[in-house]
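Number of protein chains: 2
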Amino acid sequence: MTERVVTACLLIIGNEILSGRTQDKNLAYLASRLNEWGIRLTEARVIPDVADTIVSTLNEVRGNFDYVFTTGGIGPTHDDITSECVARAFGLPHGEHPEARAIMEAYYPPGQLNEARLRMTKTPEGAQLIENPISKAPGFQVENVFVLAGVPAVMQVMVDGLKNRLHGGAPVKSRSVKVALPEGKVAAGLGALQEQYPSVEIGSYPYHDQTGYGTRLVLRGVDEDVLATVAAQLDALIMALGASGEWDTPP
Amino acid sequence: MTERVVTACLLIIGNEILSGRTQDKNLAYLASRLNEWGIRLTEARVIPDVADTIVSTLNEVRGNFDYVFTTGGIGPTHDDITSECVARAFGLPHGEHPEARAIMEAYYPPGQLNEARLRMTKTPEGAQLIENPISKAPGFQVENVFVLAGVPAVMQVMVDGLKNRLHGGAPVKSRSVKVALPEGKVAAGLGALQEQYPSVEIGSYPYHDQTGYGTRLVLRGVDEDVLATVAAQLDALIMALGASGEWDTPP
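So the sequence lines, in the order shown, correspond to chains A and B.
The numbering of the first sequence is the working numbering, which starts it at 1 and goes up by one.
The numbering of the second sequence is the working numbering, which starts it at 1 and goes up by one.
It is possible that some hints are incorrect.
Copies of the same chain are indistinguishable here, so a pair counts whether it falls within one copy or spans any two.
[Claimed, not checked] Listed next, the in silico BS3-like pairs over lysine-lysine satisfying Cα-Cα at most 25 Å (straight line): (1) Lys-136 / Lys-178; (2) Lys-185 / Lys-136; (3) Lys-163 / Lys-178; (4) Lys-122 / Lys-173.
To be clear, the hints were calculated from the coordinates, so they are not data collected in a lab.
Here the structure is a predicted model, which means the values were calculated and not measured.
Could you build all of it, start to finish, from the sequences and the hints given here?
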């Protein structure tokens, strides 16, 4: 493929992920959606709730990727500092967003929109909101940076709502096959196949499940026809090694 | 605490994580073990199987953290390039490690140690091996960089075996409490408590489970007495808000 790959980076902001207490679920969701939209997640970083780290990381990555997504740190408590940090990174004032204020006023009963909750109406000046149909407090976009919630259910609806704001290339298709052979036996033929078809990314991952040990092979690429050719050749390689492959989509 | 914090960075190497196909499980395991050993995981990055990216990322992080761990990319297939990349990052020759060769020869039946599997006997020159009691192919250490398998079961035994090679500070202790209050109601009191006790890291995370919506509050610090004091004050705050906290360890 000669088309430029559209790239994305995810910043997972949160001490709770780095402490091992909470398992991130947002990376896999974002990656799958971006794949469908022809955008390649090419890096992710997990960083702590430390303002200087968030600001410097944002400024490092926002120039290197087409899109940057952040998750976490946009709630009402003292450890929610993502919004201020995005403002600092862009050198923008940080203040109340009139639309966000209106959304929150409509949502909370009179007297319940306290100072902590009002924190969630603040964005960098000029930010475009990202709708949150679940708990209302919005995410926002500044240039190529998209600031999302950390709670997976909320993050997911926010991502879904971005479909028309993001512009990708050709979607990446994939095929995978499970084979009861150790990696060391398929490696030689697989390496040769990869060399012959550089436009298809061939991944090899050992597994161990109820059925025993084996290897899962994954083909990824944007051209269906090339993918089908590689799948057929891989299937022949597996049979030549005396095994049979269990494909997600038969070649 | 005046003691210097011992820091670590994890590099998760693998297209399969970035594509969303595979869920990383190694970060949480490493973080928990390091916590016990008084080492703080302060950053993690997920990067693709691209040699230049691996080399430049390694060289960026190995000077910034006390310890760097990598997972993935040390198997026998063409996409396993971590070992060569570590050699390149350190400017070391990459070749057969005599001990690794001996381990692999003892493990495989005659004739089974093929060219692909011999790849797993290569390390940067002078590397110290990390034992793999499960599938034998070892990890290795070069200076402050520890190269581990990506398969969680293997990665875990490798980490466990490092206990005496890593030198941390005071272990981080934590306490957590689940409370059926929205974050917006505890935020003000919580922020004041955080300001009063800067040595304890207070995290606030909304949850939604079978019992409904609420907030999980996490206290982390190295001093048990200070932690107990903050826990008692937090419990009083929760009660003053008309709720009752469900503690992992009662304050």
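Each hint, compared with the structure:
When the C-alpha separation of Lys-136 and Lys-178 is checked against a cutoff of 25 Å, the pair qualifies only between copies, where the shortest distance is 23 Å, while the shortest distance within a copy is 43 Å. Taking the shortest alpha-carbon separations for Lys-185 and Lys-136, only the inter-copy value of 16 Å comes in at or below 25 Å, while the best intra-copy value is 53 Å. Taking the shortest Cα distances, Lys-163 and Lys-178 never come within 25 Å of each other, neither inside one copy (32 Å) nor across copies (35 Å). Proximity of Lys-122 to Lys-173 under the C-alpha cut-off of 25 Å is found in neither arrangement, the shortest distances being 39 Å within a copy and 34 Å between copies.
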